[in-house]
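Given the sequences, and given the hints that come with them, work out the whole structure.
From first to last, the protein sequence lines are chains A and B. Residue numbering for the first sequence follows our numbering, beginning at 1 and increasing consecutively. Residue numbering for the second sequence follows our numbering, beginning at 1 and increasing consecutively.
Only true hints are included.
Subject to a maximum C-alpha distance of 30 Å in a straight line, what follows is the list of computed DSS-like cross-link-like pairs (lysine-lysine):
id, chain 1, residue 1, chain 2, residue 2
1, B, K91, A, K13
2, B, K91, B, K268
3, B, K661, A, K129
4, B, K6, B, K16
5, B, K89, A, K13
6, B, K41, B, K397
7, B, K105, B, K155
8, B, K389, B, K298
9, B, K63, B, K91
10, B, K16, B, K397
11, B, K63, A, K13
12, B, K63, A, K82
Please keep in mind that the hints were generated in silico from the structure rather than gathered at the bench. In this text, all values refer to a predicted model and were calculated from it rather than measured experimentally.
Given next are the chains, with one letter for each unit.
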Amino acid sequence: MLSLMANILGPGKVPLTLEINGRRAELSAEPRTTLLEILRDHLDLTGTKSVCEMGECGACTVHLDGVARYACLTLALEAVGKRVTTIEGLTPAEGSLHPLQQAFVDKDGLQCGFCTPGQVMTAAALLAKNPSPTHDEIRAAMAGNICRCGAYPKIFEAVAEAAARMRAARQD
Amino acid sequence: MAKKTKLTLGFPGHFKQVSVALPAGEPIPWGFDAELQVVGKRVPRVDGPDKVSGRARYTFDLKLPGMLHAAVLRCPHPHARLKRIDTSKAKAHPEVRAVLVLEQKEYRFAGAEVAAVAATSRVAALEALGLIEVQYETLPFVTDPDLARRPGAPKVRPEGNVEESLETRRGTPEQAFREAAAVVELTVRTPVALHTCLEGHGSLARWEGDLLTVWDSTQAVFDVRDSLARALNHPSEKVRIIKDHAGGGFGSKLQMWSHTPIAARLAKLAGAPVRLLLSRHEDFLCTGNRHSSVQTLKLGASQDGTFTALSWKAYGTGGIEGGAETSRAADGLYRFPSLEVHEEDVYTHAGPACPMRAPGHVQGVVALEATIDALCEKLGLDPLNVRLKNEVSEIRKAELLLGAERIAWSRRRLSGSDPGTLKRGLGVAGTTWDGSGLPGPEVEVTIGAGGEVTASCGTQDIGTGTRTILAQVVAEELGLAAAEVTVRLGDSYFPYSILSGGSLTAACVTPVARSAAAKARGGLLRLASRELGEKPQNLECSGHAIRVRGSDRSLPWGAIARDTPSGMLAFRAERQANFAGYEPAAAGCQFAEVEVDTETGEVRVVKVVAVHDSGRILNPLLWESQVNGGVIQGVSFALLEQRVIDHRYGTVLNADMETYKVLGALEVPEIEIIPFPVAAGFNNTQVVGIGEPAIIPTAAAVANAVANALGVRIADLPITPDKILGALEWSAKRRR
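Right, here's the structure in full:
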């Protein structure tokens, strides 16, 4: 395994332009670089967490053109030409909270908080597609995000509450 | 001077007057019916907005200018000696800034540290590891605890692989077993489990002259400070440990692990800050686990189900560490007039165990409660009635009755009698854990020139909500909202506190926070009384000011603070010893309902009812989260979790999150939480920790429910489909 690692720096850096949270980022990175590495190491967008690095836990969930994706399993090159949204870009104004984020706080849909940005991003993709999810639909949608603290019951509550608040806001 | 005070302790229907000696200056404990404004309310966690927005910076998120990235070369063999190591090629790598060889006499598990490098990027550090040439002399090893117990097994320690850890005896066990109307014996096995905190272990070390600052994902800034000072032979006052947010711990971050001194030594060598973050794979191999157990329990009882004797013989492996105890739950749940305990640690060439949420208790309660159910089967008695008959706690008796009603225990069938292929079952188990707190921790409350209130304490918030409950308690005492108190923690430069573990934190730090805030209120009143020329009893403290009762005269706190030479008022208190408690520990119980698919062997936990006492509940919203977390981790332990070692090679097969499974959203049961408030005594907020109590009974209740559903018992955790199908086949054959 170590001999394979001797070449992990790859064939060299390539230029890369990504659109992240509505801003263009001109980057230079090896083709093997994941979107997760770009976000955390190159751009210091550390809200997206790195946990399992194998697409099992969902802590690195971001949106590509509004669809939830594991950033650890996405090469940065795959994100070229797509809109990348991270937890930092979920709300237009800095300091404000998305209804989902507010509901996670109000319902305590978190404990240590390390999985929370990923949970919020998965839930946001769900609500964009399905504004009135049933309890079972929420559980199914959140099944790709592990919370070791076991905040699930309140995560489900938070997602349902945010959906209700967002529906109410649209009707106003 | 201590002062005698009478406290009313207990719970409705069971109150009693207890005379206690309160230490001098100790606020009078809040009584059972105290009308509080902030404490006891569903206050959302104060760091919630930072966490949900991704702004909260964890150790894994920190960067410093000029920071280097470290990686560790680990021994691939379970037992080896270093024959030769050549780091010259790694040192010559253009991006490498420091290389460290970790001299050890022997490497005693696959994953032990051999060398480390610091480079300008993580990939360069990994690449450099591949350039280190190592030759090992491999040595005989043993990773299977049953083999390690045999004479002639390869030695993990010079003293031998088996060490007696616990031996107790009371009453007359042999006679009691002889005279018992029924005796059952059961052997229960539990696997090694992994903490799996989502933020793994990592340290960022920076030297400024001889001052070493380490940002570390830890549950114990002061313990890490002292261990690191010892490891580096450096004065502890020149070591500062900081942990702002931590992504879980569950016991795996209570101690310093070797990555921390490695980061510090590399930083010294390189003359630059070094960040060493363990990969998930490394985390699973090297930074602790829940020890395994093989427990043989023998229980004797009279015809009516009164326990007469218990024998508890157990061993387990914590790899290269000891501490594999399980029998602590022999006391505190049920009465056993005669008791004999014999426990052994078995050392193996595997990664070290360390405390994991309710260490020993989770495993022990599985075995104890299973044996009790086996006895009930034999005597044809109802498991709930037998527990009530032998129960030591008045609190838990009341909880058992409450929980039984909520799970509808009366519908429990005789074991194995549910017809059809989907079989339902019910199970129950109890919990006892002393999280009443310890003396020693300190809190400082300051009033700034703008009247702002800050509470500082070197404790840690590992996700339990310590920041929030500290803010609530200080706010309560000073007449503020929780959001008006800034809490600073997670820094060994702050006033001393103990590690965040053992369900001790709330009961350690909230009473002393209250004492410090009470001192602050007293100090403000005293200073204002001088300034305003009014007697303190004519003054009241509210809304960031001292007001004269019945007039509009007032003095803002900020003005009082500005009037001092430092422009700030500081009040510090130290946590005093516990005074009397109503019962010696927190009591709780859980009921589980399961559905077992006898065709696929799958278990679905349908519902868990969790009834828990933890003294005063400071914040029901956060408290419920703790209980949910305990139940969910308990179900996960019962059904899914097990570290698997290939004993032929001595290496872990599932050191990743794909093959080490933890419970996910689809498997979470319905959880009904029933808080059982008790005027517990012990300390001035009367809180008792809930972290461990919430996980202790879950796996036991689930295992008992599965046995009730099937009519056969899976005594080997985790309860996986293969074991269920195997047990059903075995019992069908036996019936034929």
